[in-house]
Amino acid sequence: MPTGLLNGGGSLNMKDMTATILKRIGHSVITLFVISILIFIGVEALPGDLAESILGQNALPETVEAFRKELKLDLPPHVRYISWLGDFVQGDMGRSLSNHRPITDLIGWRLSNTLFLAAVAAMVAVPLAIILGILTALYRNTLFDRIVSMVSLSAISFPEFFIAYILIALLSVKLSLFPSIATMDGQMSLMDKLYTIVLPCLTLTMVVLAHMMRQTRAAIINVLATPYIEMALLKGVSRLRVVVVHAFPNALSPVINVVALNMAYLVAGVVIVEVVFVYPGLGQLLVDSVAKRDLPVVQASGLIFASVYIGLNLIADLLSIASNPRLRNPR
Amino acid sequence: MKNILNIKGLTIEGFNDNQWSTIVDGVDLTLARGEVLGLIGESGAGKSTIGLASMGYSRRGCRISSGSILFDGTELCQASDRVKQKIRGTRIAYVAQSAAASFNPAHRLIRQCTETRVRHGQLTAAQAEKEAIENYRRLLLPDPEGIGFRYPHQVSGGQLQRAMVAMAMACKPDIIVFDEPTTALDVTTQIEVLNAIKQITRHLGTAALYITHDLAVVSQLADRIMVLKNGRKVEENQTRKLLDTPGKSYTQKLLSVRSQRPIKKPVQLKQNVILEVNQVSAAYKKKELVLDTIDLTIRRGQTVALVGESGSGKSTLARAITGLLPPLSGEVIFQGNPLGASYRSRDRESLRKMQMIYQMPETALNPKQTIETAIGRPLSFYFGISGREKRKQVLEFLDRIELPASYINRYPGELSGGEKQRVCVARALAAKPELVICDEVTSALDNLVGEEILKLLQNLQNDLGVSYLFITHDLATVRAIADEVVVMLKGKIVEKGPRNKILNSPGHDYTKRLLNSVPKMNPDWLDDLLEKRKNTRSKKAA
Amino acid sequence: MSSLIKFIQKAPWSARIGIIILVMNIAVAAFAPVISPYGETEITGDVWEEMSLTHPLGTDHLGRDLLTRMIYGARNTIALALTITFLSFTLGTLGGFLAATLGGWCDTLLSRMVDLVLSFPTLIFALMVLSVAGTSILSLICVIAVLDATRVFRLARAVAMDIAVMDFVEAGRLRGEKTGWIILREILPNALPPLVAEFGLRFCFVFLFIACLSFLGLGIQPPTADWGSMVKENAGAITFGIFTPLWPAAAIALITVGVNLIVDWFLNLASGLKE
Amino acid sequence: MIDLKQSTSPLSTDSISRRKFLKQMSALGLSMAVLPGMFPGSAQAAGPQKGGRFRMGMGGSHTTDSLNTQTIADQFEIHTNYALRNNLVEVDHKGEAIPELAESWDVSSDAVRWMFDLRQGVEFHNGKTLDAEDVIYSIRHHMGPDSKSGAKGLVDQIDDIRADGKNRVIFTLKGGNADFPYIMNDYHLSIVPAGTTGNQWEKGIGTGGYTLEEWEPGVRTFLKRNPNYFKQGRAHFDEVEMLGINDVNARTNALKTGRIDYMNQAELKTVRLLKRMPGIEIMKTSGGFHFTLPMLTDISPFDNNDARLALKHAIDREEIVKQVLRGYGTVGNDHPIQKDHPFFAADIPQRQYDPDKAKFHLKKAGLTDQTFPLHTSDLNSIYLDMATLFKEHGRKAGLKIQLIKEPADGYWSNVWTKKPFCNSHWAARPTADMMFSLAYTSQGKWNESHLKSARLDELVKAARAELDPAKRRAAYAECQMIIHNEGGTIVPCFKDYVEAATTKVQHGPISGLLETDAHRAAERWWFA
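Chains as they are written, first to last, in my numbering: chain U, 77 to 407; chain W, 95 to 636; chain Z, 215 to 489; chain D, 276 to 803.
These are calculated hints, taken from the structure and not from any lab test.
Some hints here could point you the wrong way.
Claimed, not checked - As a list, the in silico EDC-like pairs of lysine to aspartate or glutamate whose alpha-carbon atoms are at most 20 Å apart:
| id | chain 1 | residue 1 | chain 2 | residue 2 |
| --- | --- | --- | --- | --- |
| 1 | W | Lys327 | W | Asp317 |
| 2 | D | Lys550 | D | Asp771 |
| 3 | W | Lys484 | Z | Glu391 |
| 4 | W | Lys323 | W | Glu513 |
| 5 | W | Lys327 | W | Asp540 |
| 6 | D | Lys478 | U | Asp261 |
| 7 | D | Lys693 | U | Glu138 |
| 8 | U | Lys99 | Z | Asp321 |
| 9 | D | Lys675 | Z | Glu256 |
Please model the entire structure based on the sequences and the hints provided.
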């Protein structure tokens, strides 16, 4: 929601704008700081710690104790948090507690995978959703509209892992068109990578498509009830042009917001798709690290997710402003 | 016949509450080339619906159920979308009530003005722009070269309305439908728009349907006037004939609205001051003062009218007095006691003594509460009256505002606008206030209905001795009800004094302009006024 | 009651289908012990039997009657989802209304808190909290309800903001009414239509969310029948051409589609768009 | 999840005298490269082929996986570790300890001093030559008060290690242990270059048949054949690619679509369907892997043996094997020794599902209205199904069992040995002695039922020092009897390892010691 930036009346100039953006970024930093504290508390509150979870059934009280000491888990929580924060502020994300890999290494690759999948899925889903949204708004209450609505509604009505399994059963096992698992490695070419992620991408598209499409449709239909649309019709403008040229630009703000929300989902919410397709993304890393209580990794990936969410919202707000001539061109 | 438009037996139905009901009932209408026909009536008369139907258009939820609309030989009732699309904008154009709402906020004005021209393949974009600029110039828009490249929100209401006229005339249509084009404007702005419309129709020789509820306005433009009521034609005649010899009593009533006489009041004694506004300044944003050191006094049993055009700060003053907008400086003194700046800091008793009636009865009443709750709540809230006693008192109030007792269990949605406003009046009075602030209480209502409300308010004042602070932009209202008049402009009071003094011999230029901008029920009024202004201008120049 | 029937009679065909689906599901859920052929956890046959007269939908991965499991699944899943949605609505609406009517620091505080929760991936958040609190039904309800309440909060706040600036609310304030009255009597009744629509959407979301949690092993505890877990438990069979898991998945889809159809109708009513 | 304790397979030691056996093993060391039984069946004629890329889909992988031998615990790490590194001793498919980096070993008569002679000229991947210091460093890594190693429980018995020259290492134990070489096969005790520390562990330097090319924990391991590998006739693949695929359906699909050549931990529910597919072989190996339902014998109501017996009679083991294990396993008899184990006490009658007896014991214990909360988890896919069935069985016996699902995270720390009644499982122990002493003696490190039986403690201690097979057999039979009758552990079933591979994959007899041919698949298998 663009409320944050729209506070304080209709007109904004460049200076106000910069100030607002800076203010928002400031808020974001505070939010991230609070999140890091919450993550810390959360991980602390989880039963067991890294030592116990790695040693598992093999654990003996004395080995757990020794492990804790090595990991500095025996220090009081606030001391550990402050030392982590100190390093983090200096740009040192630390190392994974479990295998001592620098977190930048560990996360960098996965983050790029996550972003790659999200980007490809978004590139498919967003234009498709908007085009379908426009078409269903244009031909609303026709058979076409109802069919598209029902199909998209059904798509979001299945749990996403189920969609994934159905796609695998059909397109991978039965027809042998695409690989059933999406493993990535360094040597793959872009085409290889794209081919590998066809099924996860398709699953994600189906999951996010309906939401964006319905929102686009609703936003356009909302705009269609305004007097200027009636005016356009009375000027003899064709229906298609009315929807595309007159209605859509005014429906952009809610569309941008729902797209941003879904993009955030594509980055941060795809754990299940990652599990089903064995895709080495950040989500799995986070879940795994939570399970193993690998705090520095949880912190880093949690903060990345939160930043993506906050960043996308900020971008969405800015785009909303850019798309709104009222705010773009003050009196 | 050489009529460009020929409507016969037009019946239009609307879908409401799961059933079709008639909105327009068998109306016949003809329009000759170059002729201006005024359609007049109150809300619900079906005049806008007829206007749209003449373009072969009906709003969602409406349908043209029978009749024929013959435009220059083409039957629009049966025409295909494509045919209608071709005619609209090029041969019949439309000017909507609110230009601010009817211009697409996402596009520059000129793009919208030239769209029809370009899309119908008549001109290239560059040619069309040139032509549009020419039209702007003709309509006396400021900065005709630049104004088209602004977005709608960057242009003032009156100018937008003229731009919309320019858009309508772009294709030199045979007919322009004007749908209340000046209703949303201030009186001083209205004149310019009326002038523009008059110029255009004369210049192009375009036929026009001019739809309005204001007989004075339409008489300035129309050759003929048709009076409508509840979807039926009441009467139709040449403008001057209609004004001079109205055939039907309904028309007479409409005619009399503008010539409202002051409602009789008992002689006022100089009584003690009830409200004193002392050097109040207020702002929504820190920098821009909306109220600039306002002083105002209201005495018991007196009606003070606060007059000004939109943006003058008169509603803001009401918010400052009630405490909804705590003033930056100055104080509000009620019955000798300074009130807290914010309503939150005021006690229940002082809240009770000052009540407010709003402009829009639709939003002033909670749609989910019955009339009994609406009127009864102040009774139980302030006086702890409940149960049977409360119901009895509510019924008394209903009687007082001249509504049937059966309304007690109704919801606001089941009432008409005027009835709702009556309920609002009753709700305010139920608190037994000393002062009632009336914020444009009649401007959302039809003239006849508004007049009834004014009468009711006056009667109540006579009975109860309450004071009114009456915020309005309508000088007829002022004439009818005010004892004192305060004129506001840009957050400042420019003039105040007894009603007769202000209305008859205004001191300030602005007050003068305001007064002579009010249309008179005389077809020559506009021409005369413009002539006069031209003369003064040239005199000044000389 | 008769007004309700009249109201439904006005509904378009799509909404009627939705209502039929919902009513059927609720009826099945309510009368589960009466209509199901076997006990909820009773093992009555071999693993993954085909459809037969004794087992109309076949059996599941442990040899329990699938129809029985589906019926009990309806009971458990719907009851759980309803409880969660109600709770999240109460929380979210209350918070949203408070933020909108009180404004100031209350609004800032609540909104910030909600933003905070929203900016962390929901599923992972739920995972962490459920790991701490354990996966009992109670903690499941609380966690999802709180998470969901954040979304309800945003809607409720936006809706209430729109209503709070209406003249009748202002009139109430000027009368000196307390916040409680303003929220309950002035705002709530007018905010209901969009909220009811949102309720439907949230209900579906909760449904799917529970299914996803079950997939990650944090959902409803076995042997309690629940559609999400049923899909998960039997999912491996799909690629072998055994369609047992299709039944519970179809049931989830059916009820979400049904609710969505009703929601669409409500949204249309609320937005005043008569299509 | 963490699946195993240190493990090896049952020992077939009763036919030969203990002392003789120990000597024999040492002698065998010289001929290890041409071990009999290495190349059985049809494949033997052609002999293993070199080459190809072996693609494995592995469950039991985590992004927190590490190659530090201290914390190795799950399948992905274990297999990577065994492919990269060697131990002093290897245990073959018959469960016999054979030399690996140790060429031979000898033992003092009290089994306290163990001398291992190292193979000479073995080079680590980084070119360093193996010597005694490396061995001592690798073992000491797990010892000492600051050790966090999962093998601490194993190496605690070592009193001292010292080098005797460059190629001999002498272990002095705190007490005699005839099974010590088996311990040296444990995957924690792999040999690394001395001084390996910190991040160097993740480089995976060892003496093994493959070198580490890529290591993305939990995701992918990529290995290339070590051209300098000291073993002949091992490590046949040019490359090995291990993919961490935790979701069993994803693993199965990957195998079906030919994305991988091998998968571990096949889903028992679907394995019969997988079997029908052309070009896929199901590999089933039986070992001592078993599930248990420990009841804490020192906590009410399980301090009453009748309560324990009631529950023991209220579970239908046959049905659990049939429904949950789909026949891939055998019924247990409430003690940890499986049927084909040499020390299995065949004369203890198999406990049957007997609701009446359960009711009888329940009544006797006065617990007719008692509800028994069973803490379970989806830590292991079998747990929930087993618990669910048990609940049903119990219901028929009038027993109210309430399932409480615990998070897999922290299960071993917070539930196991803490909650009165829960799910658990055990990988096989190399010897009966270890099984009993770890899990059933009162001093046992993982005495999951808090069993305190003086007689059992005494028997186990005596048997460990006993060299006469007949007496050991008698002692262990009595142990089984005690656990069967008085123990706090229900042992419903023993489970087979079930894995699947394409028929292109060739192999000799598969060890049931651990999954994936005791995690030596990369070393032992080849492509047709």
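Structure-based check of each hint:
Of the supplied pair hints, the one linking Lys327(W) and Asp317(W) holds, its CA atoms being roughly 17 Å apart against a limit of 20 Å. Taking the CA atoms of Lys550(D) and Asp771(D), the gap is near 16 Å; set against the 20 Å cutoff, the hint holds. With a C-alpha separation of about 18 Å, the suggested pairing of Lys484(W) with Glu391(Z) holds against the 20 Å cut-off. In summary, the hint linking Lys323(W) to Glu513(W) is supported, as the alpha carbons are separated by about 19 Å, within the 20 Å threshold.
Under the criterion of a C-alpha separation no larger than 20 Å, the hint pairing Lys327(W) with Asp540(W) is consistent with the structure, at around 18 Å. Note on Lys478(D) and Asp261(U): the hinted pairing holds, with a Cα-Cα distance of about 18 Å set against a maximum of 20 Å. Pair hint Lys693(D) plus Glu138(U) holds up; C-alpha atoms about 17 Å apart against a cutoff of 20 Å. This hinted pair checks out: Lys99(U) and Asp321(Z) have alpha carbons roughly 18 Å apart, not beyond 20 Å.
For the proposed pair Lys675(D) and Glu256(Z), the alpha carbon gap of about 15 Å is at most 20 Å, so the pair holds.
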